[in-house]
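Peer 1: Take the sequence shown: its letter number 248 is residue 410 in this note's numbering, and every next letter is one higher.
There's no promise every hint is true.
What the hints assert, rightly or not - Straight-line alpha carbon distances no greater than 25 Å define the calculated PhoX-like cross-link-like pairs of lysine-lysine that follow:
#, residue 1, residue 2
1, Lys477, Lys432
2, Lys390, Lys200
3, Lys436, Lys390
4, Lys436, Lys388
5, Lys200, Lys477
6, Lys477, Lys176
7, Lys477, Lys436
8, Lys441, Lys388
9, Lys432, Lys390
10, Lys388, Lys432
No lab work stands behind these hints, which were simulated from the structure alone.
These figures come from a predicted structure and were not determined experimentally.
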Amino acid sequence: MAVQNSVRAMTPLKILSTGAAVPARCVTSAEMDKRFNKPDGYVQRRSGIEHRFHITDDVGQAQLAAEALNDALQRQQIAPESIDLLISASAIGIQVLPYTAAHILKVSNLPQNIASFDINNTCVSFMTALETAACLLNQGVYRRIAIVSADLPSRGLNWDDEESALIFGDGAACAIVEKGDGSSGILSFLLETYPEGLELCEVRCGGTRRNLRVGMDDSDFLFDMKGKQLFRLATTLIESFAERLLQQAGLTMPQVDCVLMHQASHLAIKHICKQLRIKPDQYVDIYRYRGNQVAASIPSVMHEAWTTGRVHEGKPLMLFGTAAGLTLGGMVLSP
163 MAVQNSVRAM
173 TPLKILSTGA
183 AVPARCVTSA
193 EMDKRFNKPD
203 GYVQRRSGIE
213 HRFHITDDVG
223 QAQLAAEALN
233 DALQRQQIAP
243 ESIDLLISAS
253 AIGIQVLPYT
263 AAHILKVSNL
273 PQNIASFDIN
283 NTCVSFMTAL
293 ETAACLLNQG
303 VYRRIAIVSA
313 DLPSRGLNWD
323 DEESALIFGD
333 GAACAIVEKG
343 DGSSGILSFL
353 LETYPEGLEL
363 CEVRCGGTRR
373 NLRVGMDDSD
383 FLFDMKGKQL
393 FRLATTLIES
403 FAERLLQQAG
413 LTMPQVDCVL
423 MHQASHLAIK
433 HICKQLRIKP
443 DQYVDIYRYR
453 GNQVAASIPS
463 VMHEAWTTGR
473 VHEGKPLMLF
483 GTAAGLTLGG
493 MVLSP
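All chains, full assembly: derive it from the sequences and hints.
Peer 2: Right, here's the structure in full:
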């Protein structure tokens, strides 16, 4: 693949506020040791997680998304009526039809007649939504946009598959954005899809492929991941992808102030840091206390960075992640 040599002009974008929400039920790895009949400490060693959050049956995905949205509104005292577009950037929808953003809008405090739509390329959906929002804001189509990612992987886990069942947690996160004055924005954005990885990470039901008419079985409703094969494919692509992303921004990795990665697994984070030569003080890691929150992972890390003093004006941030597809996504922001 040819390297892109041109440096992209910054697309103005201001992140006004971030928010996050997790379910009330905290699931410790010690609790999962008992569930899997394993010795004490096994799940934490295997997964790298101390605890994650799993939703209860009486709470829905839209409710959790609305909590994250309200958190973002309240943190900066943003009036709900100032939002004129809601984007849901989640990996798994509430149902096939209608789309998830409409469900979130219904239970939110936002005006009930505003525009809304979904963006979904699984774990990197939030980045794609940020790029889309920036384009719409700079075209003058909307003034202020709320982007919400909410995923409940616990409801689709295959508890017979230890590799995946140990690492996922539920959660939601939000960012509220506007065009701003041009002092901040997107320096680069890169998205690539490698469909040879299509069947390495999937949930087969929920569409036209597997259903009552064409046939399905219970396993089609559950998350299925061939982790080792997926990892091998991703690692052959990551270095050149990151090089193109940074070149588009006119930067090198040492110039990046903070890296916000998809929290895929502790081994994936460690390997990406090694491959891309990301130093320990360069990245934000919440995996130990959240697990892999699918599409909510990247905005949850962003919220952590924004609220703990890890973001500095004028110093570039890099968002980076892999997703089912196989998809690679990356963005460099000047906050």
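Peer 1: Confirm or reject each hint.
Peer 2: Hints, one by one, checked against the model:
1. Between Lys477 and Lys432 the CA atoms are separated by roughly 23 Å; this keeps the pair inside 25 Å, and the hint holds.
2. Only pairs whose Cα atoms come within 25 Å are accepted, and Lys390 paired with Lys200 is accepted, the gap being roughly 23 Å.
3. Of the pairs offered as hints, the one joining Lys436 and Lys390 holds, with about 18 Å between alpha carbons and a cut-off of 25 Å not exceeded.
4. The suggested pairing of Lys436 with Lys388 holds, with an alpha-carbon distance near 22 Å, which does not exceed 25 Å.
5. Using a Cα cut-off of 25 Å, the hinted pair Lys200 and Lys477 is violated, with the two alpha carbons roughly 45 Å apart.
6. Our distance criterion of 25 Å between C-alpha atoms is met by Lys477 and Lys176, whose separation comes to about 14 Å.
7. At roughly 22 Å between alpha-carbon atoms, Lys477 and Lys436 fall within 25 Å of each other, so this suggested pair holds.
8. At most 25 Å may separate the alpha-carbon atoms for a hinted pair to count; Lys441 and Lys388 exceed this at roughly 29 Å.
9. Proximity of Lys432 to Lys390 is assessed by CA-CA distance (about 15 Å); at most 25 Å being required, the pair is judged to hold.
10. This hinted pair checks out: Lys388 and Lys432 have alpha carbons roughly 19 Å apart, not beyond 25 Å.
The structure is inconsistent with the numbered hints 5, 8, although it conforms to all the rest.
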